[in-house]
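Trainee: The hints should help you fit chain B onto chain A, whose structure is shown.
Residue-level listing of the chains:
2 protein chains.
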Amino acid sequence: MTKPDVYPHVFDEAIALTPLDSHRFAGRTTEPYNNMVGPFGGVTAAAMLNAVMLHPERLGEPVALTINYAGPVEPGEFIIEAIPVRTNRSTQHWNLVLRQGDTIATTGTAFFAIRRETWSEQEMLAPDAPAPETLAALPTKGRRQWMGNYDFRIVNGSFNPAEPRESDNSQSLMWVRDYPRRAMDFQSLTAIGDSFFPRVFIRRQKFVPIGTVSMTLYFHTDSEELAAIGDQYVLGYATANQSRNNYSDQSAHIWSAGGQLLLSTTQIMYFKE
Amino acid sequence: MTKPDVYPHVFDEAIALTPLDSHRFAGRTTEPYNNMVGPFGGVTAAAMLNAVMLHPERLGEPVALTINYAGPVEPGEFIIEAIPVRTNRSTQHWNLVLRQGDTIATTGTAFFAIRRETWSEQEMLAPDAPAPETLAALPTKGRRQWMGNYDFRIVNGSFNPAEPRESDNSQSLMWVRDYPRRAMDFQSLTAIGDSFFPRVFIRRQKFVPIGTVSMTLYFHTDSEELAAIGDQYVLGYATANQSRNNYSDQSAHIWSAGGQLLLSTTQIMYFKE
Numbered sequence: 000m001t002k003p004d005v006y007p008h009v010f011d012e013a014i015a016l017t018p019l020d021s022h023r024f025a026g027r028t029t030e031p032y033n034n035m036v037g038p039f040g041g042v043t044a045a046a047m048l049n050a051v052m053l054h055p056e057r058l059g060e061p062v063a064l065t066i067n068y069a070g071p072v073e074p075g076e077f078i079i080e081a082i083p084v085r086t087n088r089s090t091q092h093w094n095l096v097l098r099q100g101d102t103i104a105t106t107g108t109a110f111f112a113i114r115r116e117t118w119s120e121q122e123m124l125a126p127d128a129p130a131p132e133t134l135a136a137l138p139t140k141g142r143r144q145w146m147g148n149y150d151f152r153i154v155n156g157s158f159n160p161a162e163p164r165e166s167d168n169s170q171s172l173m174w175v176r177d178y179p180r181r182a183m184d185f186q187s188l189t190a191i192g193d194s195f196f197p198r199v200f201i202r203r204q205k206f207v208p209i210g211t212v213s214m215t216l217y218f219h220t221d222s223e224e225l226a227a228i229g230d231q232y233v234l235g236y237a238t239a240n241q242s243r244n245n246y247s248d249q250s251a252h253i254w255s256a257g258g259q260l261l262l263s264t265t266q267i268m269y270f271k272e
Numbered sequence: 000m001t002k003p004d005v006y007p008h009v010f011d012e013a014i015a016l017t018p019l020d021s022h023r024f025a026g027r028t029t030e031p032y033n034n035m036v037g038p039f040g041g042v043t044a045a046a047m048l049n050a051v052m053l054h055p056e057r058l059g060e061p062v063a064l065t066i067n068y069a070g071p072v073e074p075g076e077f078i079i080e081a082i083p084v085r086t087n088r089s090t091q092h093w094n095l096v097l098r099q100g101d102t103i104a105t106t107g108t109a110f111f112a113i114r115r116e117t118w119s120e121q122e123m124l125a126p127d128a129p130a131p132e133t134l135a136a137l138p139t140k141g142r143r144q145w146m147g148n149y150d151f152r153i154v155n156g157s158f159n160p161a162e163p164r165e166s167d168n169s170q171s172l173m174w175v176r177d178y179p180r181r182a183m184d185f186q187s188l189t190a191i192g193d194s195f196f197p198r199v200f201i202r203r204q205k206f207v208p209i210g211t212v213s214m215t216l217y218f219h220t221d222s223e224e225l226a227a228i229g230d231q232y233v234l235g236y237a238t239a240n241q242s243r244n245n246y247s248d249q250s251a252h253i254w255s256a257g258g259q260l261l262l263s264t265t266q267i268m269y270f271k272e
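Just so you know, the protein sequences line up as chains A and B, in that order.
First residue of the first sequence: 0, per numbering that gives the first Met the number 0; consecutive thereafter.
First residue of the second sequence: 0, per numbering that gives the first Met the number 0; consecutive thereafter.
Take the hints with a grain of salt, since some may be wrong.
One copy or any two copies: either way a pair holds, since identical chains are not told apart in the list.
Stated by the list, open to error - With a straight-line Cα cutoff of 16 Å, these simulated EDC-like cross-link-like pairs (lysine to aspartate or glutamate) come out:
#1 K205 <-> E76
#2 K205 <-> D167
#3 K205 <-> E165
#4 K205 <-> E73
#5 K271 <-> E120
#6 K271 <-> E116
#7 K271 <-> D101
#8 K140 <-> D101
#9 K205 <-> E272
Bear in mind the hints are in silico, worked out from the structure with no lab data behind them.
Next up, chain A with everything else stripped away, as it sits in the complex (with noise of 0.2 Å):
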């Protein structure tokens, strides 16, 4: 782990949009974050995110976003739309495209909001883990290019088609962060919440074709907290459901290396076979 910080980070450029008018910004794929098919998920999740983020008439922080994923991303420019569909006191829903010529390829929603303190409880607890450091980084050189901008420190529940082992469940827990190191913010959690190995490989260790059509992430935090966690790790635990006829869903959560929830995240994916 050794890799120099570089400015611009790789997801800085990943996420990289144009303003083109009131609504619409321009962005393109990045090799660094190729997955088998077009980009990594959560990159296009995340620059959805940032189209937002950057929209001259955002009203306060991300609490939810859902993005699905309708087809490809193929290599190449593409445009999001981001339209501020109701704008209420303290609250904001949009409405998310992003197209590649006449061809949409994803949609989503995101609701924002301004927050105020309240009566707080965490009920879901972190899982305890080994300190990060104490563990090896899963190697990521001739995996899926993209894997390899992130330093994972699987605990348990790992994939590796060429060493498959026996599984009875597809709990995965782990450690994760950007890399080279990158300071937190909505953007790359929103990309980490969908940084975990895909259910079904983990449960029956060998590969399908698969491709997440829906995802939701609710955000428990707030830029500030973000900024305090910085670069470190962030703790990750992620569960199958139910596994059916093509499709199989994601539960999994995302904790702060002191135990805080950050984000709650669900998926649906399809597998073949």
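Mentor: Relative to chain A, chain B alone:
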């Protein structure tokens, strides 16, 4: 529980839609599903799903649905627009909007698919619960009007503002079915997915102003299986992950009496104080 079977069922009246043109359907709120402000959110979600179910271009059955409650649905007429934004060989993505005049009250996205038989496994097992017939029906008289359309048999995690009791968590386990009884379909399963008490009511055992802002449902079943369940009770379990600064999220699951997972659903709710 002696109310006779009636036709049309109040639920069918509440989600009834009249096609206006290729993508628009007219509906109206109905008194039996009144909530605190506007109709019960579950019936609004069911009406939006129903627009896709009735759409002549629909492909397959629902897999994922996200509904965003952007503002109150006022008593009276509404128009739901359902647009198939992308149709692939066996999958289809939809954008949904509910309008009253020029006001957008609700938005959403849906993902439908034709499923084929694959390797399948249920990882999220149903919790143990006593048979519903051994439990008293939750008295719903004098409470929110929509609750009277359900037969709730609470195993644990209930809330009655007149009889608060301490609770150190936000978990609820309950049997539920339509009242009067009605054969289950995707629309009624959607509404039942939103029929849990707000988690902050369970944990705090007091009323505070609340409102769901976004809800996502993943369907793990098909219409044949739902027809086989018919009008039997289903088992629901819900818990909060985190309540923090105005927003509290819920993870919930619904199983058939036979233990099959039918629905995984999450939602995030505004709360005051």
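Trainee: Tell me, please, which holds for K271 and D101 at an alpha-carbon limit of 16 Å: within, between, both or neither?
Mentor: This pair counts as neither: shortest intra-copy Cα distance 28 Å, inter-copy 43 Å.
Trainee: Between the shortest in-copy and the shortest cross-copy C-alpha distance, which are at most 16 Å for K205 and E76: within, between, both, or neither?
Mentor: neither (33 Å within a copy, 52 Å between copies)
Trainee: Go through the copies and call it for K205 and E272: within, between, both or neither, with a Cα cutoff of 16 Å.
Mentor: This pair counts as within: shortest intra-copy Cα distance 11 Å, inter-copy 49 Å.
Trainee: Since the copies are identical, ignore which copy is meant and state whether K271 and E120 lie within 16 Å (CA to CA) inside a copy, between copies, both or neither.
Mentor: between (40 Å within a copy, 14 Å between copies)
Trainee: 16 Å Cα cut-off: does K205 pair with E165 within a copy, between copies, both or neither?
Mentor: Intra 10 Å, inter 47 Å, cutoff 16 Å: intra-copy only.
Trainee: With identical chains, the pair K205 and D167 could be close in the same copy or across copies; at 16 Å between alpha carbons, which is it: within, between, both, or neither?
Mentor: within (13 Å within a copy, 42 Å between copies)
Trainee: My question is about K271 and E116: at a cut-off of 16 Å on alpha-carbon distance, are they close within one copy, between copies, both, or neither?
Mentor: between (46 Å within a copy, 9 Å between copies)
Trainee: Checking K205 and E73: alpha-carbon separation at most 16 Å within a copy, between copies, both or neither?
Mentor: neither (26 Å within a copy, 51 Å between copies)
Trainee: Can you give me the call for K140 and D101, within, between, both or neither, at a CA distance of at most 16 Å?
Mentor: neither (36 Å within a copy, 54 Å between copies)
Hint compliance for this structure: hints 1, 4, 7, 8 are broken, all remaining hints hold.
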